[in-house]
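A.B. asks: Protein chains in written order, with our numbering: chain A, 1 to 199; chain B, 200 to 490.
None of these hints come from the bench; they were simulated from the model. Remember, predicted model here, so these are calculated numbers, not experimental data. Incorrect hints may have been included.
[What the hints assert, rightly or not] Here are the simulated DSSO-like pairs of lysine-lysine, each with C-alpha atoms no more than 30 Å apart in a straight line:
hint, chain 1, residue 1, chain 2, residue 2
1, B, 275, A, 188
2, B, 316, B, 333
3, B, 307, A, 67
4, B, 247, A, 35
5, B, 257, A, 35
6, B, 207, B, 372
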Amino acid sequence: MSLPNFKKHLIEKGGLSEDDYALIQPFIQTKTIPKTEFLLKQGAICSHFFFVEQGLLRMYALNEEGKENILQFATEGWIVSDRGSVFFQEPSTYYIDAVEDTLVVMLDEHFINEVSQVNAGFREKNEQLLQNHIRHLYKRISQLLGVSAKTRYLDFVSMHPDILLRVPQWMVASYLGITPESLSRVRKALADANFKPNH
Amino acid sequence: MKTRHIEKIVQPGTPHFVGDGFRVHNFIPGTSTMQRMDPFIMLDYNSKYHFPPTHVPKGVGVHPHRGFETVTIAYKGRVEHTDSAGGGGVIGEGDVQWMTAASGVLHKEFHETEWSKTGGEFQMVQLWVNLPAKDKMSPPKYQAIANAEMAKVPLPDGAGEVEVIAGAYEGNKGPASTFSPVNMFNVRLKKGAKMPLTFPAHYTTAILPVEGSVKVNETTVVLQDHFALFANNDGDTFTLDALEDTVVLVLSGAPLNEPIAAHGPFVMNTQDELIQAFQDFNTGKFGYLED
Numbered sequence: 001m002s003l004p005n006f007k008k009h010l011i012e013k014g015g016l017s018e019d020d021y022a023l024i025q026p027f028i029q030t031k032t033i034p035k036t037e038f039l040l041k042q043g044a045i046c047s048h049f050f051f052v053e054q055g056l057l058r059m060y061a062l063n064e065e066g067k068e069n070i071l072q073f074a075t076e077g078w079i080v081s082d083r084g085s086v087f088f089q090e091p092s093t094y095y096i097d098a099v100e101d102t103l104v105v106m107l108d109e110h111f112i113n114e115v116s117q118v119n120a121g122f123r124e125k126n127e128q129l130l131q132n133h134i135r136h137l138y139k140r141i142s143q144l145l146g147v148s149a150k151t152r153y154l155d156f157v158s159m160h161p162d163i164l165l166r167v168p169q170w171m172v173a174s175y176l177g178i179t180p181e182s183l184s185r186v187r188k189a190l191a192d193a194n195f196k197p198n199h
Numbered sequence: 200m201k202t203r204h205i206e207k208i209v210q211p212g213t214p215h216f217v218g219d220g221f222r223v224h225n226f227i228p229g230t231s232t233m234q235r236m237d238p239f240i241m242l243d244y245n246s247k248y249h250f251p252p253t254h255v256p257k258g259v260g261v262h263p264h265r266g267f268e269t270v271t272i273a274y275k276g277r278v279e280h281t282d283s284a285g286g287g288g289v290i291g292e293g294d295v296q297w298m299t300a301a302s303g304v305l306h307k308e309f310h311e312t313e314w315s316k317t318g319g320e321f322q323m324v325q326l327w328v329n330l331p332a333k334d335k336m337s338p339p340k341y342q343a344i345a346n347a348e349m350a351k352v353p354l355p356d357g358a359g360e361v362e363v364i365a366g367a368y369e370g371n372k373g374p375a376s377t378f379s380p381v382n383m384f385n386v387r388l389k390k391g392a393k394m395p396l397t398f399p400a401h402y403t404t405a406i407l408p409v410e411g412s413v414k415v416n417e418t419t420v421v422l423q424d425h426f427a428l429f430a431n432n433d434g435d436t437f438t439l440d441a442l443e444d445t446v447v448l449v450l451s452g453a454p455l456n457e458p459i460a461a462h463g464p465f466v467m468n469t470q471d472e473l474i475q476a477f478q479d480f481n482t483g484k485f486g487y488l489e490d
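Just need the whole structure built from these sequences, with the hints factored in.
C.D. replies: Here you go:
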């Protein structure tokens, strides 16, 4: 199976060569998840990290009223998982489901060990990805606590430029921690300031 | 005058829904690439389909376009259109809406509210016509073309008529204004009638019989709902023989011969222009439209 996004990820971010990639190919496991089906449900132990080759996943929690709060979207090239559940082998409090028909590469410790045997530098590169993820989470918490909805929205769409064409607005609002009505107001204010159809 | 031959005939593939209101067979780019069909870069065909009555009109919600024109030809049913540049209206059987998205608009299209309440047979073509690079960032505009405005050219001996949406048939011009040479006709032929059609040999040329079947160049039958593409630089003239009373959509346009960079609803010339299109859409430069 051709996995151009995963190959690019391992070469550009994991430091592998084309030859390394050929050697680790037998260890690659993939899974197809139809739209609306789950990769993880609350209460289950998460066994893998999911690299999105094609499609779109989201990770969410249910709040006390049973409403979905979206923590993360994962489009092509992104990794999503409940890392705490994987590492501590404890039941997850999150859900991961497919917003579009999705093809994922299933990553686990066994796979990372195999890749590390082929290329010793991979473990350090993988550590960098983890640190980058933690940095991203700090930024997200800080933004939720301290910056305007408009700034959060603009930062989000610069990170996921095509997301508004792929998911309903209420999901974007959920990710941003605002109501769909507030998101409409943010977008309308931007349009009022920036739409000049006759220029 | 030299005969222009059919390059291929495509049967309608498995239909899919666009939103919940358009059940379409895709012909472009699914069965012929944008480059081959230049300047026609997308063609979705909603063959006759019965929609049951509903109080919630079906259709497609707010979405953007940049870099081309969307043309909707209504054969059966009624569609309502609204866009962020202030364009909008209702088109019914025989009418055409021609939206120039150009620098960018948001729009939505739904079955008309009253039509939805009774439901009925629905049949439409939606076509995207590419814009020349120099016009891609021109202001958006909207042309609602009522059937009565179209030039209707009677054929000899009561054989039928040519309805001219865009371009010209024997000097009779259609009402649509276009940015590059495009001919778009509905040819209505009575059973047994025959007619020639002539276009420059290098124009991308295709037919889609939406009612009845025709024989082309006295040799090849093109069945209803099938898409026939003509070879380029082969000849300039082909003939249509109506095997029954027919309506044939005829498309013939001058290729723009410019690079195409396309992603979803944006069709530009370069990757950088596509990235810019996403940024502009995300930051409100396509305007605002309520869902």
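A.B. asks: Each hint needs a verdict: does it hold in this structure or not?
C.D. replies: Against the structure, the hints:
At most 30 Å may separate the alpha-carbon atoms for a hinted pair to count; residue 275(B) and residue 188(A) exceed this at roughly 35 Å. Annotation: proposed proximity of residue 316(B) to residue 333(B) is violated, straight-line Cα distance about 43 Å (limit 30 Å). Restraint check for residue 307(B) and residue 67(A): satisfied, since their Cα atoms lie roughly 29 Å apart, inside the 30 Å limit. Proximity of residue 247(B) to residue 35(A) is assessed by CA-CA distance (about 29 Å); at most 30 Å being required, the pair is judged to hold.
For the given pair, residue 257(B) sits about 22 Å from residue 35(A) by alpha-carbon distance, which is consistent with the 30 Å threshold. Between residue 207(B) and residue 372(B) the CA atoms are separated by roughly 29 Å; this keeps the pair inside 30 Å, and the hint holds.
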